[in-house]
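Taking the hints into account, I'd like the entire structure generated from these sequences.
There are 2 protein chains.
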Amino acid sequence: MASKAPPIDKRRQILDAAIRVFARQGFHSTRVSDIADEAGVAYGLVYHYFKSKDEVLNELFSERWSLLLSAIEESDREGISPRAKLEAVAGFIVDSYRHDPELMKVIIVEVTRAANSFGRTHLAEIRRAYDSIAKIVADGQAAGVFRRDIDPTFASMSFYGAVEQLLSGWIFEVIPASDTDFDQAKSLLVATICDGIEPR
Amino acid sequence: MASKAPPIDKRRQILDAAIRVFARQGFHSTRVSDIADEAGVAYGLVYHYFKSKDEVLNELFSERWSLLLSAIEESDREGISPRAKLEAVAGFIVDSYRHDPELMKVIIVEVTRAANSFGRTHLAEIRRAYDSIAKIVADGQAAGVFRRDIDPTFASMSFYGAVEQLLSGWIFEVIPASDTDFDQAKSLLVATICDGIEPR
DNA sequence: AAACCGATTGACTGGTCAGTCAGCCAGCAT
DNA sequence: ATGCTGGCTGACTGACCAGTCAATCGGTTT
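Note that the protein sequences, when read in sequence, are chains A and B. Numbering-wise, this note's numbering puts 110 at position 110 of the first sequence, and it's gapless, one number per residue. Numbering-wise, this note's numbering puts 104 at position 104 of the second sequence, and it's gapless, one number per residue.
Hints are computed from structural coordinates only; laboratory data are not their basis.
Since the list gives no way to pick one copy over another, a pair counts as held whenever it fits inside one copy or between any two copies.
Straight-line Cα separation of at most 25 Å, DMTMM-like style, residue types lysine to aspartate or glutamate; simulated pairs:
#1 135 to 173
#2 53 to 102
#3 135 to 181
#4 186 to 125
#5 135 to 164
#6 186 to 151
#7 135 to 195
#8 186 to 74
#9 186 to 164
#10 186 to 131
#11 135 to 73
#12 10 to 100
#13 10 to 102
#14 186 to 100
#15 186 to 198
#16 135 to 87
#17 10 to 54
#18 135 to 151
Here you go:
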């Protein structure tokens with residue numbers, strides 16, 4: 001037989017199990033044995049594929065965050081209005097959550113908002129997202145479609161903060177999370193940040 | 001002598017030490033002995049005044065958060081415009097940070113954004129803040145000074161998310177934090193959320 | 001069939017702390 | 001003086017768990 005026996009990717013299996021377990025219990029209260037059990041794999045195998053428990057989370061974060069960064073930078077390259085770019089960014093993040101809520105929960109709760117632990121480690125990567133958004137705003141100002149009296153960095157933080165708060169709300173069931181909520185959120189985020197909540 | 005020897009409040013001393021240590025090292029990597037050392041007090045005394053290490057943080061959070069809730073509800077009672085109410089809320093939070101950055105850091109990093117641990121425990125209290133802000137927005141809509149096509153809960157989350165993201169930026173030195181930055185932030189937050197970043 | 005090798009297993013170890021507890025001591029009452 | 005009370009002390013313990021490692025397994029090469 002030239003065909004190999006199904007080479008089940010145990011590494012992937014461990015990562016996927018880790019997403020589920022981290023999402024369910026949080027990073028700090030999951031034991032490495034929980035991951036191994038969830039993956040249906042021996043304890044030691046986790047250490048065959050990963051240097052440490054931390055590295056499992058790092059891998060999950062970096063895998064996904066690089067996609068996010070690409071998406072932001074990609075949308076900035078397209079020949080669309082700054083407002084449409086912001087909408088693309090919000091859309092990508094919201095869709096990421098819709099597509100894989102567990103992974104996004106882990107990333108936000110354990111990394112992005114865990115500023116004392118993994119957030120520190122990945123600060124540079126996280127910052128790159130802020131900076132890319134700020135650049136979109138700055139370009140919009142240069143083009144005259146955004147006000148110049150709001151600092152781009154400030155606008156970027158407000159925008160990203162609003163997006164993340166929304167995801168947090170969904171994650172912890174503070175606000176409803178249906179498909180229509182997701183779609184509304186995309187346009188409402190942009191409407192809020194660009195137009196404001198006062199009538200025009 | 002009728003005057004008592006200075007009754008140094010050891011309980012308070014422990015709480016204040018905990019703020020400093022939690023801010024410096026984060027809750028998870030501070031040992032109870034670190035708190036005791038910082039307070040200049042014996043290890044066991046921490047357990048004389050508090051049931052557990054968790055209870056120390058709970059106390060710090062509740063102490064401060066109740067002030068925040070009062071301030072929000074207070075500002076809603078004053079006969080000012082909804083926009084001014086939002087400015088009061090943003091102002092109070094920003095000033096809280098200016099006045100005691102270490103405590104606010106602990107509250108945000110370890111509770112408000114630690115959704116899997118203490119955030120869960122205090123979810124109801126945190127939610128009350130969201131709800132109070134949402135009420136301000138809803139009243140503004142009823143009065144016709146805010147658009148009706150943005151859900152108050154949504155607006156509240158965006159607003160609070162922006163505020164918290166800003167504090168996070170200061171805490172982790174992603175953005176500069178001087179007194180003028182604080183003052184600008186107050187009005188910019190409201191300008192952003194109310195007026196939007198597009199020119200009127 | 002023998003040597004080889006990476007994947008896989010899970011019992012074990014070493015270190016870390018949260019929380020306990022037995023008792024000390026200062027001030028006050030009797 | 002003797003006893004009492006409660007703040008205060010810090011050595012100790014029991015539980016927990018990340019990470020190690022020696023052994024096994026299954027497939028491939030010589």
